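Number of protein chains: 2
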Amino acid sequence: MEMKIAERIDRLGTETAFAVSAEAAVRAATGAKVYPFHLGDINLPTPQNIVDAAMKAIRDGKTGYCPNGGIPALREALAADVSASHGVTYGMENVAIQPGGKPVIGKFILALMNPGDEVLYPNPGYPIYESQIEFHGGTAVPYSYREGKDNFVIDVDAIERSITPRTRLLIVNDLQNPMGAEATAEERARLAELAVRHDLYVLLDEAYFELRFEGTSASLVREPGMQERSVLLYTFSKKFAMTGWRLGAAIAPKPVADVIAKLNVNDESCSNHFVQYGALAGLQGSMDGPRAICAALKERRDVCVDLLNRIPGVRCYRPSATFYLFPNVTGLMARLGLDDYEEFRRLILTETGVSFCSRLHFGRPLKGEEERYIRFAYSGIDVDQIREGLEKLRAFVASRIG
Amino acid sequence: MEMKIAERIDRLGTETAFAVSAEAAVRAATGAKVYPFHLGDINLPTPQNIVDAAMKAIRDGKTGYCPNGGIPALREALAADVSASHGVTYGMENVAIQPGGKPVIGKFILALMNPGDEVLYPNPGYPIYESQIEFHGGTAVPYSYREGKDNFVIDVDAIERSITPRTRLLIVNDLQNPMGAEATAEERARLAELAVRHDLYVLLDEAYFELRFEGTSASLVREPGMQERSVLLYTFSKKFAMTGWRLGAAIAPKPVADVIAKLNVNDESCSNHFVQYGALAGLQGSMDGPRAICAALKERRDVCVDLLNRIPGVRCYRPSATFYLFPNVTGLMARLGLDDYEEFRRLILTETGVSFCSRLHFGRPLKGEEERYIRFAYSGIDVDQIREGLEKLRAFVASRIG
Chain A
1 MEMKIAERID RLGTETAFAV SAEAAVRAAT GAKVYPFHLG DINLPTPQNI
51 VDAAMKAIRD GKTGYCPNGG IPALREALAA DVSASHGVTY GMENVAIQPG
101 GKPVIGKFIL ALMNPGDEVL YPNPGYPIYE SQIEFHGGTA VPYSYREGKD
151 NFVIDVDAIE RSITPRTRLL IVNDLQNPMG AEATAEERAR LAELAVRHDL
201 YVLLDEAYFE LRFEGTSASL VREPGMQERS VLLYTFSKKF AMTGWRLGAA
251 IAPKPVADVI AKLNVNDESC SNHFVQYGAL AGLQGSMDGP RAICAALKER
301 RDVCVDLLNR IPGVRCYRPS ATFYLFPNVT GLMARLGLDD YEEFRRLILT
351 ETGVSFCSRL HFGRPLKGEE ERYIRFAYSG IDVDQIREGL EKLRAFVASR
401 IG
Chain B
1 MEMKIAERID RLGTETAFAV SAEAAVRAAT GAKVYPFHLG DINLPTPQNI
51 VDAAMKAIRD GKTGYCPNGG IPALREALAA DVSASHGVTY GMENVAIQPG
101 GKPVIGKFIL ALMNPGDEVL YPNPGYPIYE SQIEFHGGTA VPYSYREGKD
151 NFVIDVDAIE RSITPRTRLL IVNDLQNPMG AEATAEERAR LAELAVRHDL
201 YVLLDEAYFE LRFEGTSASL VREPGMQERS VLLYTFSKKF AMTGWRLGAA
251 IAPKPVADVI AKLNVNDESC SNHFVQYGAL AGLQGSMDGP RAICAALKER
301 RDVCVDLLNR IPGVRCYRPS ATFYLFPNVT GLMARLGLDD YEEFRRLILT
351 ETGVSFCSRL HFGRPLKGEE ERYIRFAYSG IDVDQIREGL EKLRAFVASR
401 IG
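Residue numbers (my numbering), protein chains in the order written: chain A, 1 to 402; chain B, 1 to 402.
It is worth saying that the hints were derived from the structure and are not from the lab. Incorrect hints may have been included.
All copies of an identical chain are treated as equivalent in the list; a pair is satisfied when it fits inside any one copy or across any two copies.
Claimed, not checked - Derived BS3-like pairs (lysine-lysine); straight-line CA-CA distance at most 27 angstroms:
(1) 4 x 62
(2) 33 x 298
(3) 254 x 33
(4) 4 x 254
(5) 298 x 149
As the structure is a computational prediction, the values presented were derived from the model and not from experiment.
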């Protein structure tokens with residue numbers, strides 16, 4: 001016999017990027033060289049003060065359950081930290097600690113979306129938005145970005161045109177994966193005005209808010225009327241190189257934070273207890289660790305952008321934040337005589353070992369898309385390997401198109 | 001403005017036991033003595049070999065993401081371990097590692113229950129079953145236990161009478177929280193026969209399978225036709241005193257394990273990476289740690305049962321497993337002239353500091369219930385405190401009813 005799976009699972013999406021990882025792993029297992037630009041993991045160590053604090057917490061017996069919404073000290077420290085970086089005021093009652101940033105996506109939707117509601121989400125964007133909206137019975141309505149002068153810009157006009165009486169939620173990922181896009185002050189003002197005018201609730205996914213190399217991040221939550229209608233997705237994963245520790249938070253108006261913590265009671269009970277002491281040390285201790293992480297990533301960005309732009313038919317911005325690049329490869333694919341993303345990706349992987357994701361891994365392509373993009377993550381590959389890999393890519397392209 | 005919460009949240013339950021913890025904490029904060037019998041947490045240290053292996057994994061850089069369903073080594077080791085203890089054969093493809101045992105409950109329901117399906121679940125029982133069934137649109141159909149010679153016994157006749165053409169899932173918690181009940185060979189055979197005959201899928205919550213003091217646990221999954229229709233809930237929390245580490249697993253036929261891992265992709269990404277190396281050491285290393293945990297708990301059980309049975313109007317079994325007691329206090333409440341559970345619980349807390357949960361914290365009471373029960377957890381309180389607290393309780397009762 002085979003167990004019959006529930007119908008809702010038909011609507012469940014996934015991160016197809018993992019399939020790219022699996023392919024790369026298969027190749028690596030044969031002894032072939034792989035240059036891993038496909039996954040947004042970080043190959044830098046977690047700062048030692050965080051490790052030490054977590055180990056001390058284990059020794060101190062912080063191995064039992066803790067409150068569902070997190071230990072009070074961490075909720076308080078995170079509220080203070082985000083208040084300072086965002087220019088708004090949060091208290092610990094606004095913070096629900098989560099086992100990662102990702103759980104905030106599903107919990108935001110469970111807490112605030114009714115079946116049949118329309119939800120605006122970025123596409124290309126993190127594929128879990130689309131998956132969770134549809135899984136829980138909503139209608140996923142994509143909005144996109146267009147190429148601007150120095151970086152991608154949100155197509156706010158398209159968002160406005162997509163709003164209907166059924167539109168209830170808006171998902172904003174600023175700074176953005178996979179594009180490295182960052183909302184300008186004008187974009188933030190317009191988004192806030194739209195959200196307030198149409199009474200939209202906003203998931204503000206700020207996973208990369210503090211992972212930047214120049215300038216300062218500014219949050220949509222600071223715009224008039226936004227704090228009271230927004231859920232912030234916070235994660236310790238990127239700033240502190242803690243992806244595998246699984247710790248993040250939802251930051252929201254108290255009634256919503258309470259609902260999210262009640263979802264935690266039902267799902268995870270609580271987040272790992274002693275990891276929260278590590279994160280607390282991260283927030284309150286020296287910022288040398290996060291600074292070193294950003295410095296390493298900035299060097300990689302510059303090498304990666306410079307080399308990509310030297311390849312004919314490739315055009316790549318230099319985003320000030322995130323660890324992603326989203327080069328336009330329309331020209332390159334045309335010169336190689338390829339129209340299919342997967343064919344292109346596999347050709348490059350096979351011929352050069354350079355492994356990356358394409359636009360296809362970030363939501364269902366939209367009607368009328370003509371430009372072709374791929375995504376390079378430089379968080380999991382060292383500078384010398386970036387150089388070596390992209391040199392091979394350049395040589396391969398030269399050999400093919402002369 | 002206030003954000004409007006989605007309608008489904010009206011159907012979301014919680015663990016009301018946390019409210020008892022909060023009350024006890026308030027009392028303790030005033031300097032008053034509290035004897036904590038209310039929460040199933042463990043105040044014993046995690047075995048050192050597990051701590052050491054987790055710390056080594058951090059030093060070895062196991063701080064990035066790992067596969068959604070867990071690291072292969074742990075999945076393989078757990079499959080081997082459960083195969084040996086259960087007398088069936090599982091492979092790593094059957095194992096999806098989770099951040100705790102609890103996440104298996106919701107994922108089982110999401111994976112296998114369609115809205116409108118009826119789900120049989122134990123009541124009194126772990127309150128999250130009822131909550132998750134109703135939250136995801138099912139109909140929660142309770143079944144109960146009755147008092148047997150040496151322990152509570154499942155009312156299998158009542159289960160059979162409750163089955164309708166809409167019944168799709170059966171939740172079995174063996175060994176059981178809050179009752180400490182354990183299915184007999186005959187009960188297991190009858191449950192399996194019912195499940196096969198009515199084509200029910202089974203969540204077999206075995207969180208306490210290896211937390212026992214005499215005898216050997218036997219699993220329902222070994223009965224004919226059961227492995228192919230069951231999802232096992234496994235947790236590292238109890239056997240290894242790792243509640244706050246948050247690690248467990250779903251063990252299921254491969255297609256279901258795959259769906260559950262796909263739910264992980266959407267929700268938690270993965271479970272904490274280095275914690276999995278700790279758990280691996282737990283499974284493969286010395287069993288001195290788990291043995292010491294069981295020895296400590298057995299001593300507590302005996303002291304607790306003996307003292308409870310000395311209180312007039314209290315009748316308590318001596319279960320061979322779990323760390324719960326579910327004394328019948330019908331006589332005591334009657335002699336104190338109390339009918340209301342909460343009034344009784346608060347009186348005892350205020351007068352003696354003895355803090356416990358009642359039947360009310362384990363699902364909505366069923367029609368026609370006449371006997372009164374409370375739950376004592378002895379996992380979070382040392383023997384001397386058990387003695388002191390229960391002596392106070394006995395003295396208080398004596399002072400009231402002579």
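Going down the list of hints, with the structure as the test:
no.	hint	result
1	4 x 62	neither (41 angstroms within a copy, 36 angstroms between copies)
2	33 x 298	within (24 angstroms within a copy, 56 angstroms between copies)
3	254 x 33	neither (50 angstroms within a copy, 32 angstroms between copies)
4	4 x 254	between (40 angstroms within a copy, 12 angstroms between copies)
5	298 x 149	within (21 angstroms within a copy, 71 angstroms between copies)
Comparing the model with each earlier hint shows violations of hints 1 and 3; every other hint is respected.
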